[in-house]
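Number of protein chains: 2
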Amino acid sequence: MSRDSNIVYIGRKPTMNYVLAVMTNFNSSDMKDVTIKARGQAITTAVDVAEIVKRRYMKDLNVSDITIGTEEIQQQEGGTRNVSTIETGIVRS
Amino acid sequence: MSRDSNIVYIGRKPTMNYVLAVMTNFNSSDMKDVTIKARGQAITTAVDVAEIVKRRYMKDLNVSDITIGTEEIQQQEGGTRNVSTIETGIVRS
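Read top to bottom, the protein sequences are chains R and W.
Just so you know, our numbering puts 9 at position 9 of the first sequence, and the rest follows in order with no gaps.
Just so you know, our numbering puts 125 at position 32 of the second sequence, and the rest follows in order with no gaps.
It is worth saying that the hints were derived from the structure and are not from the lab.
Any given hint might turn out to be false.
Examples of chain W residues toward chain R, derived with CB under 8 Å [as the list claims (entries may be wrong)]:
no.: 1; residue: Gly133
no.: 2; residue: Gln134
no.: 3; residue: Ile136
no.: 4; residue: Thr137
no.: 5; residue: Asp141
no.: 6; residue: Asp153
no.: 7; residue: Leu154
no.: 8; residue: Val156
no.: 9; residue: Ser157
no.: 10; residue: Ile161
no.: 11; residue: Gly182
no.: 12; residue: Val184
Straight-line distance between alpha carbons at most 30 Å, and here's what the computed DSBU-like set of lysine-lysine pairs gives [stated by the list, open to error]:
no.: 13; chain 1: R; residue 1: Lys13; chain 2: W; residue 2: Lys125
no.: 14; chain 1: W; residue 1: Lys125; chain 2: W; residue 2: Lys147
no.: 15; chain 1: R; residue 1: Lys54; chain 2: R; residue 2: Lys32
no.: 16; chain 1: R; residue 1: Lys13; chain 2: W; residue 2: Lys106
no.: 17; chain 1: R; residue 1: Lys59; chain 2: W; residue 2: Lys130
no.: 18; chain 1: W; residue 1: Lys152; chain 2: W; residue 2: Lys106
no.: 19; chain 1: W; residue 1: Lys130; chain 2: R; residue 2: Lys37
no.: 20; chain 1: R; residue 1: Lys59; chain 2: R; residue 2: Lys32
no.: 21; chain 1: R; residue 1: Lys54; chain 2: R; residue 2: Lys13
no.: 22; chain 1: W; residue 1: Lys106; chain 2: W; residue 2: Lys125
no.: 23; chain 1: W; residue 1: Lys152; chain 2: W; residue 2: Lys130
no.: 24; chain 1: W; residue 1: Lys152; chain 2: W; residue 2: Lys125
no.: 25; chain 1: W; residue 1: Lys106; chain 2: R; residue 2: Lys37
no.: 26; chain 1: W; residue 1: Lys130; chain 2: W; residue 2: Lys147
no.: 27; chain 1: W; residue 1: Lys130; chain 2: W; residue 2: Lys106
no.: 28; chain 1: W; residue 1: Lys106; chain 2: W; residue 2: Lys147
no.: 29; chain 1: R; residue 1: Lys32; chain 2: R; residue 2: Lys13
no.: 30; chain 1: R; residue 1: Lys59; chain 2: R; residue 2: Lys37
no.: 31; chain 1: W; residue 1: Lys152; chain 2: R; residue 2: Lys13
no.: 32; chain 1: R; residue 1: Lys59; chain 2: R; residue 2: Lys13
no.: 33; chain 1: R; residue 1: Lys37; chain 2: R; residue 2: Lys54
no.: 34; chain 1: R; residue 1: Lys59; chain 2: W; residue 2: Lys125
no.: 35; chain 1: R; residue 1: Lys37; chain 2: R; residue 2: Lys13
no.: 36; chain 1: W; residue 1: Lys152; chain 2: R; residue 2: Lys54
A quick note: this is a predicted structure, and the numbers were derived from the prediction, not measured.
From the three backbone atoms N, C-alpha and C, an ideal C-beta is built for every residue, glycine too.
Only chain R is shown next, with the shape it has when bound in the complex:
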């Protein structure tokens, strides 16, 4: 990753926390692109964040590409569990 890109990991906090995090990245550091990453139930929040930033606050942004995948998570009780992931690239046009 170059210095021109940055990553926001989506978790269980309120959606607007991540919306602010993405906008802060774009505004405070001349970032040209930000990647939003999430897994499991947070995937829905990741899509919400991308849509809210783009439609409500920074209309010069575009979703560049979206990739989905699967990660193996180690479970405390042993064994592994598969969880889906999403990566959404957002670029300033």
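Here the structure of chain R is known, so what remains is to put chain W in place on it, guided by the hints.
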């Protein structure tokens, strides 16, 4: 949409119901591509379905493109609410 494409809408049923629906589309009707559509919390299920079909059952499939969007939903108590949507295209390679 041509006859070569088909759509599976993801709702609140168990994930494997939709996995089967996608596979049935590919197997029973010579479909070359299937589109998975979901909105709101079902977005996570949509990603799970695409990953499970591709990794576990039909390894000749690829995710062709993923688009996200926003829909306005009419609320019963009046007014509208925005909900995020996802469309995942799956093609047989």
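Decide if the proposed pair is consistent with the structure: lysine 130 (chain W) and lysine 147 (chain W), CA atoms, cutoff 30 Å inclusive. Given pair lysine 130 (chain W), lysine 147 (chain W) holds - Cα atoms ~16 Å apart, limit 30 Å.
Holds or violated: is the Cβ of isoleucine 136 (chain W) closer than 8 Å to a Cβ in chain R? Nearest chain R Cβ about 5 Å off; hint holds.
Given hint lysine 54 (chain R) paired with lysine 37 (chain R) - CA-CA distance at most 30 Å: The hint holds at about 16 Å.
Is the straight-line distance between the alpha-carbon of lysine 125 (chain W) and that of lysine 147 (chain W) 30 Å or less? Within the cut-off at roughly 14 Å; holds.
Proposed proximity, lysine 54 (chain R) with lysine 152 (chain W) (alpha carbon, max 30 Å): violated, 34 Å
Would the stated hint for aspartate 141 (chain W) survive a check requiring a Cβ distance to chain R of less than 8 Å? It holds, given that the least Cβ distance between aspartate 141 (chain W) and chain R is near 5 Å, below 8 Å.
When you check the alpha-carbon spacing of lysine 152 (chain W) and lysine 106 (chain W), does it fall within 30 Å? holds, 24 Å
When you check the alpha-carbon spacing of lysine 13 (chain R) and lysine 106 (chain W), does it fall within 30 Å? holds, 26 Å
Check whether the Cα positions of lysine 106 (chain W) and lysine 125 (chain W) lie no farther apart than 30 Å. holds, 25 Å
For the pair supplied as a hint, lysine 54 (chain R) and lysine 32 (chain R), confirm whether the alpha-carbon distance does not exceed 30 Å. holds, 14 Å
Distance restraint between lysine 59 (chain R) and lysine 13 (chain R), which requires alpha-carbon spacing of 30 Å or less: holds, 24 Å
Closest C-beta approach of valine 156 (chain W) to chain R relative to 8 Å, hint status: holds, 6 Å
Consistency with the previously given hints fails for numbers 6, 7, 9, 11, 12, 13, 31, 34 and 36, ordered from lowest to highest.
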